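There are 4 protein chains.
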Amino acid sequence: MTTKLKDIQNSADLRGIDIQKVGVKDVEIPLIIQRKNESNQTVYAKARMSVSLPKHYKGTHMSRFMEVLNEWREKNLLGVDIEGCLKDIMNRLDANSAELEFSFKYFLNKTAPISKNICTMSYDCSFEGEIDKNGKYTFILGAKVPVTTLCPCSKEISDFGAHNQRAIIKIKVSYDNDKMIWLEDLIALAEQCCSAQVYPLLKREDEKFVTEQAYQNPKFVEDVLRDVVTRLRNHPDVNWFKVECEAFESIHNHSAWAFQQEGVL
Amino acid sequence: MTTKLKDIQNSADLRGIDIQKVGVKDVEIPLIIQRKNESNQTVYAKARMSVSLPKHYKGTHMSRFMEVLNEWREKNLLGVDIEGCLKDIMNRLDANSAELEFSFKYFLNKTAPISKNICTMSYDCSFEGEIDKNGKYTFILGAKVPVTTLCPCSKEISDFGAHNQRAIIKIKVSYDNDKMIWLEDLIALAEQCCSAQVYPLLKREDEKFVTEQAYQNPKFVEDVLRDVVTRLRNHPDVNWFKVECEAFESIHNHSAWAFQQEGVL
Amino acid sequence: MTTKLKDIQNSADLRGIDIQKVGVKDVEIPLIIQRKNESNQTVYAKARMSVSLPKHYKGTHMSRFMEVLNEWREKNLLGVDIEGCLKDIMNRLDANSAELEFSFKYFLNKTAPISKNICTMSYDCSFEGEIDKNGKYTFILGAKVPVTTLCPCSKEISDFGAHNQRAIIKIKVSYDNDKMIWLEDLIALAEQCCSAQVYPLLKREDEKFVTEQAYQNPKFVEDVLRDVVTRLRNHPDVNWFKVECEAFESIHNHSAWAFQQEGVL
Amino acid sequence: MTTKLKDIQNSADLRGIDIQKVGVKDVEIPLIIQRKNESNQTVYAKARMSVSLPKHYKGTHMSRFMEVLNEWREKNLLGVDIEGCLKDIMNRLDANSAELEFSFKYFLNKTAPISKNICTMSYDCSFEGEIDKNGKYTFILGAKVPVTTLCPCSKEISDFGAHNQRAIIKIKVSYDNDKMIWLEDLIALAEQCCSAQVYPLLKREDEKFVTEQAYQNPKFVEDVLRDVVTRLRNHPDVNWFKVECEAFESIHNHSAWAFQQEGVL
Chain A
0 MTTKLKDIQN
10 SADLRGIDIQ
20 KVGVKDVEIP
30 LIIQRKNESN
40 QTVYAKARMS
50 VSLPKHYKGT
60 HMSRFMEVLN
70 EWREKNLLGV
80 DIEGCLKDIM
90 NRLDANSAEL
100 EFSFKYFLNK
110 TAPISKNICT
120 MSYDCSFEGE
130 IDKNGKYTFI
140 LGAKVPVTTL
150 CPCSKEISDF
160 GAHNQRAIIK
170 IKVSYDNDKM
180 IWLEDLIALA
190 EQCCSAQVYP
200 LLKREDEKFV
210 TEQAYQNPKF
220 VEDVLRDVVT
230 RLRNHPDVNW
240 FKVECEAFES
250 IHNHSAWAFQ
260 QEGVL
Chain B
0 MTTKLKDIQN
10 SADLRGIDIQ
20 KVGVKDVEIP
30 LIIQRKNESN
40 QTVYAKARMS
50 VSLPKHYKGT
60 HMSRFMEVLN
70 EWREKNLLGV
80 DIEGCLKDIM
90 NRLDANSAEL
100 EFSFKYFLNK
110 TAPISKNICT
120 MSYDCSFEGE
130 IDKNGKYTFI
140 LGAKVPVTTL
150 CPCSKEISDF
160 GAHNQRAIIK
170 IKVSYDNDKM
180 IWLEDLIALA
190 EQCCSAQVYP
200 LLKREDEKFV
210 TEQAYQNPKF
220 VEDVLRDVVT
230 RLRNHPDVNW
240 FKVECEAFES
250 IHNHSAWAFQ
260 QEGVL
Chain C
0 MTTKLKDIQN
10 SADLRGIDIQ
20 KVGVKDVEIP
30 LIIQRKNESN
40 QTVYAKARMS
50 VSLPKHYKGT
60 HMSRFMEVLN
70 EWREKNLLGV
80 DIEGCLKDIM
90 NRLDANSAEL
100 EFSFKYFLNK
110 TAPISKNICT
120 MSYDCSFEGE
130 IDKNGKYTFI
140 LGAKVPVTTL
150 CPCSKEISDF
160 GAHNQRAIIK
170 IKVSYDNDKM
180 IWLEDLIALA
190 EQCCSAQVYP
200 LLKREDEKFV
210 TEQAYQNPKF
220 VEDVLRDVVT
230 RLRNHPDVNW
240 FKVECEAFES
250 IHNHSAWAFQ
260 QEGVL
Chain D
0 MTTKLKDIQN
10 SADLRGIDIQ
20 KVGVKDVEIP
30 LIIQRKNESN
40 QTVYAKARMS
50 VSLPKHYKGT
60 HMSRFMEVLN
70 EWREKNLLGV
80 DIEGCLKDIM
90 NRLDANSAEL
100 EFSFKYFLNK
110 TAPISKNICT
120 MSYDCSFEGE
130 IDKNGKYTFI
140 LGAKVPVTTL
150 CPCSKEISDF
160 GAHNQRAIIK
170 IKVSYDNDKM
180 IWLEDLIALA
190 EQCCSAQVYP
200 LLKREDEKFV
210 TEQAYQNPKF
220 VEDVLRDVVT
230 RLRNHPDVNW
240 FKVECEAFES
250 IHNHSAWAFQ
260 QEGVL
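Protein chains in written order, with numbering that gives the first Met the number 0: chain A, 0 to 264; chain B, 0 to 264; chain C, 0 to 264; chain D, 0 to 264.
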C-alpha cells in the first residue's frame with residue numbers, strides 16, 4: 000500500500016511559479032477566545048489558513064491545516080497565540096510564510112441605558128495574522144459594531160422628526176506585538192462615535208432615552224468616520240487601521256458609506 | 000457508442016417511492032417579462048424547476064429542464080406563460096406534475112415626491128407556478144418592497160424625534176387564471192401601507208417631505224401588515240395571499256416581524 | 000414620566016384583523032443544547048419568535064421576546080424545553096398561540112474511516128416549535144448534512160472516472176412529544192444515504208477509501224432522497240418529515256435537487 | 000423654503016480629517032455593457048461609488064451619486080467610460096479623487112463539447128475604476144469562472160475514480176488605458192486552466208466527454224492557479240493581476256484555496 004499511496008504533492012513542478020498563498024478556506028471551527036476581565040468564551044469561527052509554496056513543489060498538504068486547526072482550537076487565542084498557530088503550520092509544511100483569518104460572532108452583555116436591564120448582544124469579529132517571508136509577524140483585530148445614525152440634514156431641514164437607521168462601523172486595527180487591544184475596548188470605542196447605541200433589550204424608558212439621544216446627536220457617516228479616526232489616531236498602541244461606516248438608509252434602498260485607512264502594517 | 004451510452008435514468012427502481020419533486024435549482028437565466036403599459040424588460044432570474052417522478056424510474060433527465068428553460072427564456076412571461084412552460088416540461092419528461100420558481104430583480108422608475116426627479120429602483124420579485132397531478136394550475140406572484148417605518152411608541156414617549164428604519168414588505172398572491180395582477184400594481188399596493196416610501200434619488204426638498212411624512216404617519220410592523228391585509232382582503236381577484244413585514248430596527252440589531260397568510264390555493 | 004410613557008401597543012385597533020404571527024427575527028443568541036451521551040454544547044443561534052395578536056390590540060410588546068430569550072438561553076434545550084419557552088412567552092404576552100425557530104451550527108467529532116483521526120465538523124441544525132390556538136404543541140428537528148454524491152449515469156457511460164460533488168441533505172422531522180430523536184442520530188441517518196460521507200480531516204489512506212467507496216456506490220439525488228425517505232418511513236417515532244437533497248453539480252453551475260414531504264404535523 | 004433648507008453638508012468641519020472615500024453602496028442599477036463581437040447587453044449591477052472629501056466640508060452630497068449613476072446607466076460601458084463616469088462625479092462634487100465598482104452577472108452562450116447544444120450561462124463579473132488625487136486613472140476588470148477540478152492525489156492513490164468538484168477561478172486584471180481586454184477573453188483564459196469546463200446544458204455524449212476529460216486532466220488548485228498565472232504573466236497587456244482558485248471539495252465541507260497577486264497598479 001505504501002508504494003501505491005504516492006505523495007503526488009511532493010512531486011516536482013516545472014512551471015517555475017512560487018505560490019504566495021495556498022491552503023483551506025471556509026473551515027468551520029470552534030475556538031476559545033480570551034475575554035477581558037472574564038472567563039474565556041468559545042466561539043464558532045469561519046477560518047482560512049494558508050502558506051506559501053515554493054516553485055519546485057506541485058502541491059501543499061491540505062490535511063495538515065486541519066490538524067493544526069484542530070489542535071489549536073483547544074487553546075486560548077489572542078494575538079500571541081495566532082503567531083504560535085502560524086509557526087506551527089509553517090513548521091509542519093516547511094513553508095516560509097503563512098497567514099490565517101478567523102471570523103466569528105462574539106457575545107457581550109449590554110446594559111440598557113435607563114432600566115439597566117442586561118441582555119446578550121453579538122458582534123462580528125475577526126483575528127487575522129501573517130508571518131511574512133522575513134519572519135515579521137502582523138496581527139489585525141477586527142470588529143463590526145451596529146449603531147444608530149440620525150441624519151443631520153434631515154433634522155435641519157424638517158419641521159419635525161429626522162430619518163435615522165441602523166448603521167455598521169467596521170474597524171480593523173494592528174498594534175505592536177508587545178501590546179494588547181481587547182475586542183471589548185475596540186467595540187466600546189466604536190459605540191462612542193454614533194448618534195445612539197444599539198441594544199438587544201430596551202424597555203419604554205430606554206427607548207425614550209435612545210430616541211431623544213439620537214435626535215440631539217445627529218451624525219452623517221462622515222461624522223461617525225471622523226470620530227472613529229480621531230480616536231484611532233490618538234490611540235497610543237495603534238500602528239495601522241481601516242475604518243468603514245455604512246448606514247442602511249431608512250429613506251433609500253441603498254447605503255451611505257465612508258472609508259479610511261491609515262498607518263503602516 | 001449508442002450501446003455504450005446506456006440510459007441509467009430509465010432503469011427500474013425497486014424502492015417503491017414516487018418522488019414528489021426532482022429537478023434543477025439555482026439556474027441563472029435571463030427572462031423577458033411583460034411590463035404594464037411599457038415594453039418588455041429582460042431580467043436575470045434564479046430558477047428552480049422540478050417534476051414528479053414515478054416509483055418505477057430511477058431518475059429524471061436533468062438536461063431537459065435546461066432545454067426547456069433555454070427555450071422559454073425567449074418568450075414574454077407572466078402567469079399564462081408559466082403554465083405553458085410547465086406543460087412543456089411535463090410533456091418532455093412524461094411527468095404528471097411540475098412546479099417552478101423564478102426569482103429576479105425588477106426595475107421600475109420612481110419619481111421623487113417634490114422635485115419629481117426620476118430614477119430607477121429595483122424590487123426583488125418572483126413568479127411561482129405549479130400544475131398538480133389533477134392538472135390544476137396555480138400561479139403565485141411575489142414582490143418584496145422596501146419602505147420606511149417610524150415607530151408609534153417611540154414618537155409618543157419621546158419629547159422629540161422617533162426611531163425609524165428601512166423595512167421590507169414581502170407579498171405573495173394567487174389569483175384566478177383568467178385575471179391578471181401586475182407587479183407594478185402589487186408594488187404600489189405595498190407602498191401605500193408604510194410610514195413613508197423609499198426612493199432611489201431624493202433632493203433636499205424631497206428629504207424634508209419624506210422625513211415629515213414618516214413622522215406624521217407612524218406605523219408598527221403590525222400596522223403595516225394590517226394595512227396590506229385589508230387591501231388584499233378587499234382585492235376582487237386575490238384568492239390567497241401571504242404577507243410579511245420585517246423592520247430592520249434602528250435601535251436594535253434584530254428585526255421586528257409580522258406575518259399573515261389567508262385564502263385557499 | 001408615567002403619564003408620558005403611554006403604552007401605545009395596548010391602544011385599540013379598529014381594523015378588525017387578528018394577526019397570526021408577530022415578534023422578533025434575526026436575533027443572535029447563545030443557547031445550551033443537550034447532546035447525546037455527552038456534556039451540553041453552547042451554540043450560537045439565529046432566532047425568530049412570534050405570537051398571535053388579537054384584533055383589538057394595536058401592537059405586541061417586542062421587548063418581552065428578548066426577555067424570554069435571554070432567560071431561556073441559560074437552560075438546556077430540546078423539544079420539551081422549547082414548549083416551556085413558548086408557554087412562557089404566551090403567558091407574558093397573553094397570547095393564544097406562539098412559534099419559534101432556532102438555527103445554529105452544531106459541532107460533532109467525526110472519525111476518518113481508515114486513519115481513525117478525529118476532527119470536529121459542523122452541521123447546520125434547527126429547532127422549530129409551535130403551540131397553536133388549540134394548545135397543541137408541535138416540535139420540528141432539522142439538520143443539513145453535507146455528503147458526496149457520484150453520478151451513476153456519468154460512471155456508466157464513461158470509460159473511466161465519474162463526476163462527483165458535494166451535496167447537502169436537508170431533513171426536518173416531527174415526532175411524538177413523549178419520544179426523543181437526537182441530532183446525532185438524524186445526522187447519522189443522512190450519512191448512511193450517500194455515495195460517501197464528507198469528513199473534516201482525511202489522510203491519504205482515508206482519501207483512497209472515500210474515493211473508491213464513492214465510485215462503487217453511485218447515487219443520483221433521487222437515490223439519496225429515496226434512501227432517506229425509506230429510513231424515515233420506517234422510523235417508529237417520526238410522524239412527519241420533509242427531505243431535500245441538493246447536489247452542487249461539478250459539471251454544471253447549478254444544482255440537481257429532489258424533494259419529498261410526508262406525514263401529518 | 001430656501002432659508003429653511005440649509006445645506007448642512009457644506010457647513011464647516013473642525014476635526015481636520017480629509018476623508019479618503021465617501022459615497023453610496025449597494026445601489027442596484029441596470030447598465031449597458033459592450034460585448035465582444037455582439038450587440039450590447041443590459042446587466043443589473045450592484046454599485047458602489049465614492050469620492051474623497053476635504054477636511055473643511057462636513058459632508059458630501061449623496062444624491063449626486065445617484066444622478067450620475069442614473070445618467071451613465073444609459074451609456075455603453077467599458078474601461079474608457081468608467082473614467083468618464085468618475086470624472087463626472089468628481090466635477091459635480093468638486094472632489095479630487097473618486098472610485099467605483101460595478102458587480103454584475105454577465106451572460107454568454109456556451110456550446111456543449113460534443114452535441115454542440117448552445118445554452119446561456121452566467122458569470123459574476125466586475126468593473127472597478129479609480130482616479131487618484133494625481134489624476135491617474137486605473138481600471139480593473141474582474142470575472143469569476145466556475146470550472147471542474149479533479150484531484151491528482153485522489154486519482155493516483157485510488158484503484159478507480161477520483162474525487163472532483165466545482166471550483167471557481169476569480170481573476171482581476173488591470174491593463175494600459177489604451178488597450179482593451181474583453182470579459183469574453185478573460186473568461187476563456189480561465190476556462191483553459193481547469194480539469195474540465197462547466198456547462199449549462201450537457202447531453203449524455205457531452206457528459207461522457209467532460210467526465211473522461213477531467214479524469215485525464217487532474218489538477219490541484221495549485222495547478223489551476225499556476226496555469227492562470229502563466230497565461231497572465233505572458234499576456235502583453237496585463238500590468239497587474241490577482242487570481243484566486245477555490246475548490247468546493249467534494250470530500251470535505253470546506254474549500255481548498257490558492258491565491259496570487261503580481262504586478263503594479
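To be clear, the hints were calculated from the coordinates, so they are not data collected in a lab.
Predicted model, so just to flag it, every value in this text is computed and none were measured.
Be careful, since some hints might not be right.
A pair holds if it fits inside one copy or across any two, identical chains being indistinguishable in the list.
[What the hints assert, rightly or not] Taking lysine-lysine and the DSS-like style, the derived pairs with C-alpha atoms no more than 27 Å apart in a straight line are:
no.	residue 1	residue 2
1	Lys171	Lys109
2	Lys5	Lys45
3	Lys74	Lys202
4	Lys57	Lys241
5	Lys241	Lys109
6	Lys135	Lys54
7	Lys115	Lys45
8	Lys86	Lys104
9	Lys241	Lys54
10	Lys109	Lys143
11	Lys135	Lys241
12	Lys104	Lys35
13	Lys5	Lys109
14	Lys54	Lys169
15	Lys171	Lys5
16	Lys241	Lys86
17	Lys135	Lys115
18	Lys143	Lys5
19	Lys143	Lys132
20	Lys241	Lys115
21	Lys104	Lys54
22	Lys132	Lys45
Taking the hints in turn, this is what the structure says about them:
1. When the C-alpha separation of Lys171 and Lys109 is checked against a cutoff of 27 Å, the pair qualifies only within one copy, where the shortest distance is 22 Å, while the shortest distance between copies is 34 Å.
2. Taking the shortest alpha-carbon separations for Lys5 and Lys45, neither the intra-copy value of 32 Å nor the inter-copy value of 43 Å comes in at or below 27 Å.
3. Taking the shortest Cα distances, Lys74 and Lys202 sit within 27 Å of each other only across copies (24 Å), while inside one copy they are farther apart (39 Å).
4. With identical chains, the CA atoms of Lys57 and Lys241 are at most 27 Å apart between copies only, with a shortest distance of 20 Å across copies and 36 Å within one.
5. In this assembly of identical chains, Lys241 and Lys109 lie within 27 Å of each other by CA distance solely inside one copy; the values are 25 Å within and 36 Å between copies.
6. For a Cα distance limit of 27 Å, the shortest separation of Lys135 from Lys54 inside one copy, 22 Å, qualifies, whereas the shortest one across copies, 35 Å, does not.
7. In this assembly of identical chains, the alpha carbons of Lys115 and Lys45 lie at most 27 Å apart only when taken from different copies (24 Å versus 33 Å within one copy).
8. Only within a single protomer do Lys86 and Lys104 lie at most 27 Å apart by alpha-carbon distance; the minimum there is 25 Å, versus 29 Å between protomers.
9. For the homomeric pair Lys241 and Lys54, the shortest alpha-carbon distance between copies (18 Å) is at most 27 Å, but the shortest distance inside one copy (33 Å) is not.
10. Proximity of Lys109 and Lys143 under a CA criterion of 27 Å is satisfied intra-copy only: 15 Å inside one chain copy versus 32 Å between copies.
11. Taking the closest pair of Cα atoms, Lys135 and Lys241 come within 27 Å of each other both inside a single copy (20 Å) and across two copies (23 Å).
12. Taking the shortest Cα distances, Lys104 and Lys35 sit within 27 Å of each other both inside one copy (16 Å) and across copies (25 Å).
13. When the C-alpha separation of Lys5 and Lys109 is checked against a cutoff of 27 Å, the pair qualifies only between copies, where the shortest distance is 25 Å, while the shortest distance within a copy is 55 Å.
14. For the homomeric pair Lys54 and Lys169, the shortest alpha-carbon distance between copies (21 Å) is at most 27 Å, but the shortest distance inside one copy (37 Å) is not.
15. For the homomeric pair Lys171 and Lys5, neither the shortest alpha-carbon distance inside one copy (43 Å) nor that between copies (35 Å) is at most 27 Å.
16. Taking the shortest alpha-carbon separations for Lys241 and Lys86, both the intra-copy value of 26 Å and the inter-copy value of 26 Å come in at or below 27 Å.
17. Proximity of Lys135 and Lys115 under a CA criterion of 27 Å is satisfied in neither setting, with 45 Å inside one chain copy and 37 Å between copies.
18. For the identical chains of this complex, Lys143 and Lys5 are neighbours neither inside a copy (46 Å) nor across copies (33 Å), given an alpha-carbon limit of 27 Å.
19. In this assembly of identical chains, the alpha carbons of Lys143 and Lys132 never lie at most 27 Å apart, being 30 Å within a copy and 29 Å across copies at closest.
20. In this assembly of identical chains, the alpha carbons of Lys241 and Lys115 never lie at most 27 Å apart, being 33 Å within a copy and 39 Å across copies at closest.
21. In this assembly of identical chains, the alpha carbons of Lys104 and Lys54 never lie at most 27 Å apart, being 38 Å within a copy and 35 Å across copies at closest.
22. For the identical chains of this complex, Lys132 and Lys45 are intra-copy neighbours only, at 25 Å inside a copy versus 37 Å across copies, given an alpha-carbon limit of 27 Å.
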